[in-house]
Structure formats: structure tokens, C-alpha cells
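**Q** Protein chains in written order, with the numbering used here: chain A, 2 to 308; chain B, 299 to 468; chain C, 320 to 420.
Hints listed in this document are in silico derivations from the structure and should not be mistaken for laboratory results.
All C-beta atoms, glycine included, are put in the ideal place defined by N, C-alpha and C.
Keep in mind that the hints are not guaranteed to be accurate.
Said to hold, decoys possible - On the chain A side, residues computed to face chain B include the following (Cβ under 7 Å): (1) 106; (2) 108; (3) 112; (4) 115; (5) 123; (6) 138.
Unchecked claim - Here are some, though not all, of the chain A residues that point toward chain B, as calculated from beta-carbon distances under 8 Å: (7) 68; (8) 71; (9) 100; (10) 101; (11) 102; (12) 105; (13) 109; (14) 113; (15) 116; (16) 119; (17) 135; (18) 162.
Stated by the list, open to error - Using C-beta positions, here's what the derived DEER-type ranges look like: (19) C:392 / A:249: 47 to 53 Å; (20) A:128 / B:387: 35 to 41 Å; (21) A:20 / B:411: 49 to 55 Å; (22) B:436 / A:181: 35 to 41 Å; (23) B:392 / C:404: 26 to 32 Å; (24) B:436 / C:321: 28 to 34 Å; (25) A:77 / B:411: 38 to 44 Å; (26) A:48 / B:428: 49 to 55 Å; (27) A:181 / B:409: 55 to 61 Å; (28) C:407 / B:411: 45 to 51 Å.
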Amino acid sequence: MRETPPLWTLAALPVALVVLALAAASFDHVLAARQAGHGGLAHAAAGPLREAARLLVQSRRTTFASDRLLLRAGVVSLPVAASLAAVVVPLGDVAVADPLVGVVWFNAMEVVVWASVWLAGWGPDSAYALVGGYRFLAQGLAYELPHMFALITAAVGAGSLRVSEVAAAQDGLWFAVWMPVAFGVLLLSVLAMAFWGPFGQPVAADVSGGAMAELTGVDRLVFLAGRSALLVVGAAVAVALFLGGGAGPLLPPGAWMAAKVAVVLAVLVWAGRRLPPVRMDRFAQFAWVVLIPVSLLQLLVVSIVVL
Amino acid sequence: MREVAFWVLAVGAVAGGVAVFAVASMARATFALLVSFLCTGGELLLLGLDYLGTLVILMMIMEMLVMAVFMVMYMMNPAGLTPMSMVHNRRGATAVAGLTFAALAAGALTTPWPERRGLPPPDPSRALGAAVMGPAMPVMMVIGVAILATMVASVVLATAQGRYDRDGAR
Amino acid sequence: MSLPAFLLLASALFAVGLYGALSQQSVVMVMMGLELMINGVVVAGGAFWHHVAPARPDGQVLVLVAITVMALEMAMGFAVVTALFRAREVDVTDEAGDLRG
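Kindly generate the complete structure, drawing on both the sequences and the hints.
**A** This is the structure in C-alpha cells:
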């Protein structure tokens, strides 16, 4: 929107996204293998690559009377949403784009995920897929408001909606330290927005894969890759908004950013494997009755401190 | 460049709007409306209204998805698999809409609009925020009360027991 | 990108929305028409802000109010549809003339 982005960020962003998404998926596979009792760390870590190769050669299966336009739109828009949201993430200290309303842009691109999952559920004209899509909408309605309040709390703490300014405003003290509730809520909502771990009911096994039930071949690979990328972008934004971005002594900002994102990502993937799945109606009740008032109180406290 | 973007988004917005009432599948109608709204958000971004444009994109995606929930819940033909016509008085509506467009377009093209007064502030979003917290605070208060009233009214209308307590107690 | 061009876009959106609001049987579709009409208002408000008085925030406030109205109208509309459906199992406006007479 303002100046042209530095060229190296345009090349570095997709690379970073792919590498981190692959790392997250590998770690998830390793944890799953250890839970199941299989050995072979290297074998499990290469799981996502094997899965990708298998899906690339798998022939696509179509259902009768599926809405192909909407299905393709849903599948493709998931990685596109993750990439567009990643545009405002600072790679170290500079981002591809730094609009004046970067925080709102991230929020808008994250909402595109709602459309993606619902379209992937509606498109195939399949009952289980539809159930998965609607489960995600119920989850979305529950986590979205606390998520927005957490983002607003960070913006209020910095007095700006620009991601770089929010990251820079933390050079005294990380926001995660004096806004712990907002940080916790944001991490929870990052898990929910990537329908990962405890919030994986939209694609759970009890509805035969839910929104991903009828996705095969390249479609499935694109959808899974988009979901991993979404987790990475959520973790990166949580780092930028609450853990100071690329700030830190000695090492360059890029290295600090990578280290912090890796830690947050590891925690999220580990939590995804450890926490039991959450039912959507119970989470909705919890979100509206507990999370929203608590987030609002946190926002009030931060506003009073900043005044 | 911006001129081209303006016309592309404008055509997209109107085409999306027309498609809403032309397609048979309700899911496609909802997403045609979403395309129209995304183009409108793009137009606002072109005007330099960053916050409002992004807000339109954000809110409209969420609204259209909520509409998808209700659409499948209530409509008898959400996927358009059995063709049926769901209009009444199509010719009258087309006539009224056409006349309205002609009148508004004639007004838009022939009225001598005033000259531009002043320049946009460097951060329009901040100016908007300062305005609704200052001189335009009644707007903010009324919006707040209206939202609260809508929340209460919609819950009362939508729950099965209405405005009465459980167990019939008043 | 001139003001008349924006207003032409706004008029087109308003007219398409009006067609929808007048001709559709299903309440959900009528609401889509209303949303398109308010969409036209949003575009016109933004255009007026930019081309006539960008130094003042009034145009932006109008756009903000219009966006809020869109959200509120949808919420109330769906609540009404729910109540209507619960009462008589249909979602078309032709059978909802209760208050008439």
C-alpha cells in the first residue's frame, strides 16, 4: 500500500512459511508416533513428505452433484488466506507489507479461513463434510470475539494498529508479561483458527474427516498445507504482538524471530497432541460466558494502564 | 493503474450483485454477495480508507458465513439442484429498480458536485477514532445502544421460550 | 475514479439491491437485497468523503454507521426468520402478512 516491499522479503516469506509449516507437521507426526509407541524418529519426521508424495500421485475422487467451483474455491483459499495473513508478519524487523491497519488485516485474512472450511464442507455434497463445515462455523463464532479482543488489547497497549509499531512498543517489557490473559486467549484462538489439536473437531475422525472427508489427492495436500501454514502464521503473529517480534540481544532480528516462532509453534503442536478434543457447543458456552468477560477485563486493565 | 483497479472492482461488485439473484444455488448466491462485498471493500481501500475497507472485508466474510448457516437451515432448495423460481412480481421489481438506477445515475452525472475541500489526514483511521471519541461521540453511543438492543431483541425472538422465564414463570 | 464514477457504482448497487428486495420470496434473499442497498450507501459515503471533504471525519462516520446497520439488520432479520419458521415452518414472505388488516 505505501512503499514497495524490500525484494528479499518477497522471496524469504514463502520459504520461511513452507519450512516452518513442514517442521510443524513433522513434529506433529513425531509426537503421534511416540504416542502410538512406534520408534524411528527420522521415519516419523519424514511423515509429512511421504504423505505429500502419496497425495500428489493419488487420483482425485469426485462425488455426485458436487459444487466444483465452490469446492475448489474453498480448498485454494486456505493457503491463500495463510499467505495473505503472513504478509504483515515481520521477518525479523521488516515485513513484506506494513499497512497502518496491519492487525485488522491479519484478522480479516484469518476470517477467510471460515469461508474456506465451510466451502470445503459444502462443495462435495456429502453429509459428513457438511457436518465438519458447520462444526467449524460453531467453533469460529466461539473463538472469534476473544481473538479480536486479544488483538485489540495488544494494539491498545502499543497505541497503534501497525504490527511493526506493536512489536517496537515492547522493547521495555514483552506484552505477554503484563497482558497474560490476552496472550493465552490469542494462543487458544490460534489453535482454534487452524482447527488443530483440541479444536480439531471439524476434521475429526468421528465424522470421517469432516470438512476434509471428500478431499483427495492434490486438493487434500493443498488443504493440509494451508492448515499448517495457518498455524505458523498464527504463531508468528502471536510472537510479533506479544513476544516482542525480532527484539533480543546479540543475534540479528531474523534469528530471534525464527527462534521465538519455533518455540511457540512447538508449544502449540505439543498442546495439540496432549489436550483432548473439545466439543463445540461446550466450547461456545465457555467462550461466551468466560473468555469474553475475561478478555474485556484484560482490555480494561490495559486501557487504564495506557491512559 | 488505480483507474483500472477501480473499474475492475466496480464491474465485479455489480456483477456479483446481479449474480446473487441469477444463480439457482443458495450457496453460490451467498458467495456471489461476498464477492460483491469484497469488491466494495477494495473500492474503499482504493479511496485510502484502510481501516473501513479492511473492516468491510472482515465483517462481510463473517456475515456471509452466518448467512450460510441460516440459509441451509431454512431454505428448501439450498443447492439449487431442483430448479424453481422464487420470485414474485419480477417485472414490476425490474421496472422500479431500472427507474431508480436511471434517476440516481442521471443525478450523479449531471449534478455540479462541490470542489474538494482540504486534504485527507495522513492516518484516516486515527482521525475516525478521534472523531468518534470526541465530536462524534453521540454516534458511538447510539451505535452501542443499538447493538445492545439488537442483541437482546434477536435473542428474545430466536429462543423458543421468547421473553418468558422457564417453566412458564412470569 | 472520479466522484460521478463512484456514484454510478453506488447507484447500480442500490438498484440491484432494490430489485432483489422487491422481487424475492424468501426472507433470506430479501435481506441480501437490503445488504446490497446499504453497500451502495457505503460506497457513496466513502466517495463523498474522499472527493468532497477528506479533511473532516464525517464521511467516515457515515460509512461506519452504514456498516453497523448492515450487521444489525442481518441479526434482526435472522431472528425474525427464526421466529417465523418456528411458528409456521416456512421462510417465504408471501405467507407472513400477519399484521395486515
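**Q** Hint by hint, say whether it matches the structure.
**A** Each hint, compared with the structure:
The beta carbon of residue 106 (chain A) is positioned within 7 Å of a beta carbon in chain B (closest approach about 5 Å), and the interface hint is therefore held. The criterion of a C-beta within 7 Å of any C-beta in chain B is met by residue 108 (chain A), whose closest approach is roughly 6 Å, and the hint holds. Interface restraint check: residue 112 (chain A) against chain B, minimum CB-CB distance 5 Å, threshold 7 Å, status holds. Proximity of residue 115 (chain A) to chain B holds as hinted, the smallest CB-CB distance being about 5 Å (cut-off 7 Å).
Taking 7 Å as the C-beta contact cut-off toward chain B, the hint placing residue 123 (chain A) at the interface holds, the least distance being around 6 Å. Among the interface hints, the one on residue 138 (chain A) holds; its C-beta lies about 6 Å from the nearest C-beta in chain B, closer than the 7 Å criterion. Interface hint status for residue 68 (chain A): upheld, as the beta-carbon distance to the closest one in chain B is roughly 7 Å, under 8 Å. With a least beta-carbon distance of about 6 Å to chain B, the hint placing residue 71 (chain A) at the interface is held under the 8 Å criterion.
Because the beta carbon of residue 100 (chain A) sits about 6 Å from the nearest beta carbon in chain B, less than 8 Å, this interface hint is met. The interface hint given for residue 101 (chain A) holds, since its Cβ lies 5 Å from the closest Cβ of chain B, which is under the 8 Å cut-off. Hint on residue 102 (chain A) holds. Least Cβ distance to chain B is approximately 5 Å, under the 8 Å limit. For residue 105 (chain A), the interface hint holds, the least distance from its beta-carbon to any beta-carbon of chain B being 5 Å, beneath 8 Å.
Hint status for residue 109 (chain A): holds, given a least beta-carbon distance of 4 Å to chain B, under 8 Å. This hint holds: residue 113 (chain A) has a C-beta 6 Å from the nearest C-beta of chain B, less than the 8 Å allowed. About 6 Å separates the beta-carbon of residue 116 (chain A) from the nearest beta-carbon of chain B, less than 8 Å, and the hint is met. The beta carbon of residue 119 (chain A) comes within 6 Å of a beta carbon in chain B, closer than 8 Å, and the hint placing it at the interface holds.
Taken as an interface hint, residue 135 (chain A) checks out: its beta carbon lies about 7 Å from the nearest beta carbon of chain B, inside 8 Å. Evaluation of the residue 162 (chain A) hint against chain B yields a held restraint, the C-beta minimum of about 7 Å falling below 8 Å. Taken as a hint, the range 47 to 53 Å holds for the pair residue 392 (chain C) and residue 249 (chain A), whose Cβ atoms sit roughly 49 Å apart. At roughly 37 Å, the beta carbons of residue 128 (chain A) and residue 387 (chain B) sit within the given window of 35 to 41 Å.
Under the hint 49 to 55 Å, the C-beta atoms of residue 20 (chain A) and residue 411 (chain B), about 53 Å apart, fit the expected range. For residue 436 (chain B) and residue 181 (chain A), the Cβ-Cβ distance of about 36 Å falls inside the hinted range of 35 to 41 Å, so the restraint holds. Separated by about 29 Å at the C-beta atoms, residue 392 (chain B) and residue 404 (chain C) satisfy the suggested range of 26 to 32 Å. Between residue 436 (chain B) and residue 321 (chain C) the beta carbon distance is about 33 Å. The supplied range of 28 to 34 Å therefore holds.
For the pair residue 77 (chain A) and residue 411 (chain B), the beta carbons lie near 42 Å from each other, so the given range of 38 to 44 Å is met. Distance hint for residue 48 (chain A) and residue 428 (chain B): a CB-CB separation of about 53 Å, consistent with the stated range 49 to 55 Å. About 56 Å separates the C-beta atoms of residue 181 (chain A) and residue 409 (chain B), a value consistent with the hinted range of 55 to 61 Å. Checking the proposed 45 to 51 Å range against residue 407 (chain C) and residue 411 (chain B) shows it holds: the Cβ atoms sit about 49 Å from each other.
Hint check: no violations occur; every hint is consistent with the structure.
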